[in-house]
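Heads up, the final residue of the sequence shown is numbered 246 in the numbering used here, and it's a clean run with no missing numbers.
Be careful, since some hints might not be right.
[What the hints assert, rightly or not] DEER-style ranges, computed between Cβ atoms:
(1) Val186 x Glu87: 41 to 49 Å
(2) Ala241 x Arg96: 46 to 54 Å
(3) Lys89 x Lys235: 33 to 41 Å
(4) Ala116 x Ala244: 30 to 38 Å
[What the hints assert, rightly or not] Straight-line C-alpha distance at most 16 Å; calculated EDC-like pairs for lysine to aspartate or glutamate:
(5) Lys184 x Glu114
(6) Lys235 x Asp54
(7) Lys184 x Glu55
(8) Lys235 x Glu188
(9) Lys74 x Asp101
Keep in mind that the hints were calculated from the coordinates and are not lab data. Built from N, CA and C at the ideal position, the CB exists for glycine as well.
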Amino acid sequence: MVDEYKTIDNKIGEGYYTDKRSKFLAFAHHISSIDEAKQIITEYRKKYYDARHVCYAYMLGAERADFRANDDGEPSSTAGKPILGQINSNELTDILVCVVRYYGGVNLGTGGLIVAYRNAAAEAISNCNIVVKQVEEQVTYNFSYPQMNGVMHIVKELGPRIISQSFDNTCSITLSIRKSEAEKLKKKLADLAFQ
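Hey, can you work out the whole structure from these sequences and the hints?
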């Protein structure tokens, strides 16, 4: 079970590449939704309204199953795919990389475009802080007050984060723990009922 993934922190990574007077400005952002990606892309299109192309690729989710690459008018697979390739070669997710192209008057050809977009994206990613995060699962457990010591002993032993807790006639605690440890936590809590 994969319960950790690599992403970038909130610092925007920037990259720059130039070839035959064409300029490629690259920006890598941490994102958590498709809507957030669309909003950032729209902002770049407004900010760089005079640029010929705003190409991008993004990857979302710990499973890295939600992704998109866009050539924005460049020849097919010469922009979005090389950008996505850099995201994949760094095994990143929850990331958007936009590359803004200012046309320099000389055609670069498909090979030249692929190199340019790949290098600009690679530089933007290299200027990011890469972080490893864990996929967590939340576990809620209801128990009677006399079981409090047992529950707190398990919390101390396995170290989950306490999300919420209430102590009344019936007590309840919601914990967040690394996905691979969730079953162990559930079993230990369930075993408390029989003690």
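Against the structure, the hints:
In this structure, Val186 and Glu87 break the distance hint of 41 to 49 Å, their C-beta atoms being roughly 19 Å apart. Separated by about 53 Å at the C-beta atoms, Ala241 and Arg96 satisfy the suggested range of 46 to 54 Å. Between Lys89 and Lys235 the CB atoms are about 39 Å apart, so this pair conforms to the stated range of 33 to 41 Å. Range check, Ala116 to Ala244: Cβ separation about 37 Å, and the 30 to 38 Å hint holds.
For a cut-off of 16 Å, the pair hint linking Lys184 to Glu114 stands: about 13 Å separates their Cα positions. A hinted pair counts as satisfied when its Cα atoms are at most 16 Å apart, and Lys235 with Asp54 qualifies at roughly 15 Å. With a CA separation close to 5 Å, the supplied pair Lys184 and Glu55 stays within the 16 Å bound. Among the hinted pairs, Lys235 with Glu188 is consistent with the structure: their alpha-carbon atoms are about 12 Å apart, no more than 16 Å.
Proximity of Lys74 to Asp101 is assessed by CA-CA distance (about 12 Å); at most 16 Å being required, the pair is judged to hold.
Hint violations for this structure: number 1 only, all remaining hints satisfied.
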